[in-house]
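Produce the entire structure from the sequences given, and follow the hints as far as they go.
Chains as they are written, first to last, in this note's numbering: chain G, 4 to 338; chain F, 1427 to 1849.
Hints are computed from structural coordinates only; laboratory data are not their basis.
What follows is a set of in silico ranges between Cβ atoms, one per label pair, in the way DEER data are often shown:
1) F:W1817 with G:V157: 29 to 37 Å
2) G:K320 with F:I1791: 53 to 61 Å
3) F:L1827 with G:R183: 29 to 37 Å
4) F:L1472 with G:T148: 54 to 62 Å
5) F:F1797 with G:K49: 57 to 65 Å
6) F:I1437 with G:K134: 40 to 48 Å
7) G:T148 with F:S1728: 53 to 61 Å
Even glycine gets a Cβ: it sits at the ideal position worked out from N, Cα and C.
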Amino acid sequence: MKWIRSLLIILLTLIIFVGLNRLVSPKYGDSLVEGSMTAAYYEEEKNHEIIFLGDCEVYANISPMVLYEEEGITAYVRGNSQQLIHQSYYLLEETLKYEIPKIVVFNVNSLRYGEEEKSEGYNRLMIDQMKWSKEKIDLIKASMTKEENFWSYVFPILRYHSRFSKLSEEDFKYFFIDNRNTFNGFLINKEIRPAGSLPTKKILPTYEFSKENMDYLEKIYELCREHNIKLVLMKAPSLYPYWYDEYESQVVEYAKSHDLDYYNFTKVTEEIGLDYETDTYDGGLHLNLYGATKLSKYFAKILKENYALTDYRLDKKVNEVYNKKVLEYKKKVEE
Amino acid sequence: MKKIFLFLFSILIYIYFGSTGIFFLLFSALSSFYVTKFFYGKHKKLWLILFLVSNIGILLTLKFQEVFHFTNIIVPLGISYYTLQVVSYVVDVYRGKIEREQNLFTYLLYVFYFPYLFIGPISRFSDVKKDLISSKIGTKQEIYDGLVRILWGVFKKLVIANRIAMVTSLITSNTSLYQGAYVIFACFLYSIQLYADFSGGIDMVLGLSHCFGIHLKENFRSPFQSESVKEFWNRWHIALSTWLKDYVYIPLGGNRCGKIRQKINVFVTFLVSGLWHGTSYLLWGVCHGIFVAFSKFFSTKSKILNRLITFVLVSFVWVFFLYPTSALTASKMFLSIFTTGNYVSLFQNILSLTLDVGNWIVLLISVFLLFLYDFRSEKWINFWKRSSIEWKTLVPCVLVLVILLFGVYGIGFEVTDFIYSKF
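Now the structure itself:
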């Protein structure tokens, strides 16, 4: 009997331990909502014909709801703040376990990032709520900064224990449930901060993308080829950080050598109808809802015209689900 | 098997933490082992002096090289501890108190044994030999008790010492901003920090040794119960105190000579203690020498008052530990206590000293628990021995959860070393 009581104590300790891990972890429910984007995907029906991969330039600029409304395209944005290219690769690996899309659109902005862009903060936003899998383990190992420890991803209490004195209402509110803030990976931002004067264009020591980044681009390409997926490259419109001509020529060359389509939207902002006085929430770095809507409409046409995509508005079952989403989306837009 | 494992593991640990120092460690071990061979011949005193000069010479040279800038060698880890250990062995053999060890391997294990190599306790060969050569590891009960003791040590270090270290390091990092009341506050806090840090480390050493079936002597006995500074030294860092008593104070004449000479002996002993810590700690040694030699002047009839006075005296002179780079800075900061009347400012800014309300509450409760255990440790130990299996399961479980949740560790916290590992 005593042994049973001891076992119960150990069991209770384990339950409390699991609870504490959850309690001290950031919930990304109402604040820092970018942290919930990776996990939001798991709750979706996996029937997307297009998967977008990349950093904030995709989740702020491409609205799948607009793609659907315009052309009946089912798409999902698997984007994260400062998603590095190796992270895009592992995220794609994970995605392919759930579904095989027709097209993967990769935003090339992360090709410019180097080792110094690795950051624990961004890692956490992307990885914390990701489901455990081989891809997650590989992703953590490839992403960790020197100061980080793998086990703190397994047991978040090792990293977040100091939050015990800073717990807020949000931590209790979202203890059992998660709050998802995106629409198929698109994060609505209605703020307007017109583009003002931009920093001067610096001369960089090198413009060449790192070998590691190019290797990962190749791996993404290979992974898509293996699964018969068309890889499309894009560069979202942005005034800053500068997208140098030297960057552009490397992407163009890569796309040409691999027979890939590449769309650089920084060159067609007028055609899209972008106005950096009203269509950006941070002075030209990212588009706001209004800019993203314009870009998504523009891109929807390109996608429809150039790729054999299904118009799911004609599919009763899918349309029913998406109609609900679009309604909810519109409600949020009009709020 | 146990001996071989402990020896190899000790070497690996030592190489991992301080590879270059292994040669100094080896020199001390071999010189102390072989010098005792000559103690049965004619020139035994000469050999003893040669040994002491060479080993203590290396210790002083390496420890004070930063002050005098004459060499640039990394100070071997644990040199202050193992030097005192080998000296105690050699002197004891010389005095005929113990037999010379014939087995080199056993002796090397005594010097290399990793748990006490970095922060002590300074152990005598005669005290640990039996356990070291025994092939038995700890019994189930000993291993269990050892593990719980390690947890208790981790609690003291991570929950109490590291938490206070955040405050004391902030105060000492800005000598122009934090003076007067802040210095007093830091001194009092440091008393608890150092105790939790050092005794926590010793708990881990003793607990780990317990698991190996090696029973080391206690290094602390509720020091804050002391009613005089003299008593404090019977309860604090006992291994060093007894070493100084046996190899410095008594050879100087101890208390067998006149009163003045005895006071001088006390002074010299504390000077050596200060010197062992480093040149910046000489004044600290002098202060303790005064407190002990003239303990009558600091004594009252009230036990509680005596405890309080002892705590205040001991805390005040930790100022030399708080500002270890210069005794002059430490003295200036101490004097600022009397010249800067910023007590209101301290109370107003207490929550800006790195700890928020939650952290202060955790600290207060943890310190309360520490003293609650400390002041009645025997009672608790007896209770622990007789306690049911449920208690024995519950306590370590709670400790683990408390350490994980309230411990100060991980990214952003650089205060992780044990204070006494640098001496």
